[in-house]
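Trainee: Next come the chains, spelled out residue by residue.
There are 2 protein chains.
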Amino acid sequence: MEEKVLGDYRIFRVVELTQDTDHGPRKRFVARHPGAAVIVPILDDGRICLIENFRIAVNKPLIELPAGTLEPGEDPTETARRELAEETGYRATSIEPLTTIYSSPGVFDEQMHLYVATGLTPGAMALEAGEQIVPRLIPWREALDMVISNEIEDGKTVVGLLAAHAKGLFEGKGG
Amino acid sequence: MEEKVLGDYRIFRVVELTQDTDHGPRKRFVARHPGAAVIVPILDDGRICLIENFRIAVNKPLIELPAGTLEPGEDPTETARRELAEETGYRATSIEPLTTIYSSPGVFDEQMHLYVATGLTPGAMALEAGEQIVPRLIPWREALDMVISNEIEDGKTVVGLLAAHAKGLFEGKGG
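These protein sequence lines are chains P and X, in that order. Our numbering puts the first residue of the first sequence at 28, with every later residue one more than the last. Our numbering puts the first residue of the second sequence at 28, with every later residue one more than the last.
The hints are simulated quantities; they were obtained by calculation from the structure and are not laboratory data. Among the clues, some could well be false.
As the list claims (entries may be wrong) - Derived pair list, reagent style DSBU-like, types lysine-lysine, alpha-carbon separation capped at 35 Å:
#1 X/Lys31 with P/Lys54
#2 P/Lys87 with X/Lys194
#3 X/Lys87 with P/Lys31
#4 P/Lys200 with P/Lys87
#5 P/Lys54 with X/Lys87
#6 P/Lys194 with X/Lys200
#7 P/Lys87 with X/Lys54
#8 P/Lys87 with X/Lys31
#9 X/Lys31 with X/Lys87
#10 P/Lys87 with P/Lys31
#11 X/Lys54 with P/Lys31
#12 X/Lys31 with P/Lys194
#13 P/Lys54 with X/Lys194
#14 X/Lys194 with P/Lys31
#15 P/Lys194 with X/Lys54
#16 X/Lys194 with X/Lys87
#17 X/Lys54 with X/Lys31
#18 X/Lys87 with P/Lys200
#19 X/Lys194 with P/Lys200
Predicted, not measured: the structure shown is a model, and the values here were computed from it.
This is chain P alone, in the form it adopts within the complex (with noise of 0.2 Å):
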C-alpha cells in the first residue's frame, strides 16, 4: 500500500494511502498520531481523580480522565504514569492495563492506552504551557452517574470508566 505524506501537524500528519481493491485503486486520505496514554486513578477511599482540561479544539472544558501522546519510543505504561503525575500531581505504586481502543478508525490511526494506577500519593503538577487543567476528586458512583447523564462527554473518559467499572475494579471501595 502506497502511502505519501501531505501535511504535518506536530502531534499527528495527513497521509494519503493508496489500496488496491475489487475496484481499482482507493485512494484515502488518513491522519497518523503516535498513540496516546489513557489513566484511571483510583484513590484508596474510592474517588477517581478526573481532570477538566479545556480543549480548544471543541472550544470548552471537557471533563477527561488524565492522559497524554506517547513520546518517540515511549513505553505507554511510562506515558501513564508522567501524564499521571503532570496534570494530576499523583504517583502511582500500581500502574496495570485496562484496555485499549482506536479513537476513531475510519480517519485516524491513534491507539489509546488505558491503565488503572492505584497506590496514590499526592505530589507537585508540572503542567505544559498552555495547558488549562483543574483536577476534580469525584466518589465513583458519582462519576459513572456523570458517564449516563452524559455529563462526561469525552469518549476515552467513558470508555475507562465503564471498562473498570464491568471488570469489578470499584467493587469494595467507597465513595
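Guided by the hints, dock chain X onto chain P, whose structure is given.
Mentor: Only chain X this time, still in chain P's reference frame:
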C-alpha cells in the same frame, strides 16, 4: 480565536488555531470533522448487529457498531437510519439517542452521536465503493465479553455496548 485552513482532506480538514493565553498567543493544529452517527442495533432476540469493517488507517478489520459520517446539514438521527440500512440492511422502527462523545478532543473535534435501534427488519445492504463490511449477529452477553477481552478494540463500539448495558437496555432480552 483566529482559524486558518491548512489542508482539506475530504472527510476532515486541518486548521491552525491561535488562542490568546496568559503566556501569549498559542498555536494549535486541529482536525475538523462534520461528526458521525453510531448505531447499537438490538434485535428482538437479544442479538446485536455488529460489523467486521476493514480499516485502512489501522490496516486490519475491526469489529464495530455500524456508523457513518454526517452529510452536510443532515440530522444525526437520519445519518443513523441511513448508515444502519446501508451497512447492515436492517431497517429500524425505533431510533433513540443513547449518548454523545468526542472521539479524541485533544486534536480532533469529531462528535459521535450514538443511538439504539430496535424493531429491526432485514433488507438489502448498500455498501459504498471500496467498503469491506460483513455484518455479524452476536448475542449481547457475548458482545460484552468481546469488550472485556479487548477483542473489540474500537472506541465507539466499546462506548455503545457498555453504555447500553449500563442503562439496562439489554435487560429481559435473550441471547
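Trainee: Taking the earlier hints as the rules, which of them does this structure contradict?
Mentor: 12, 13, 14, 15 and 18
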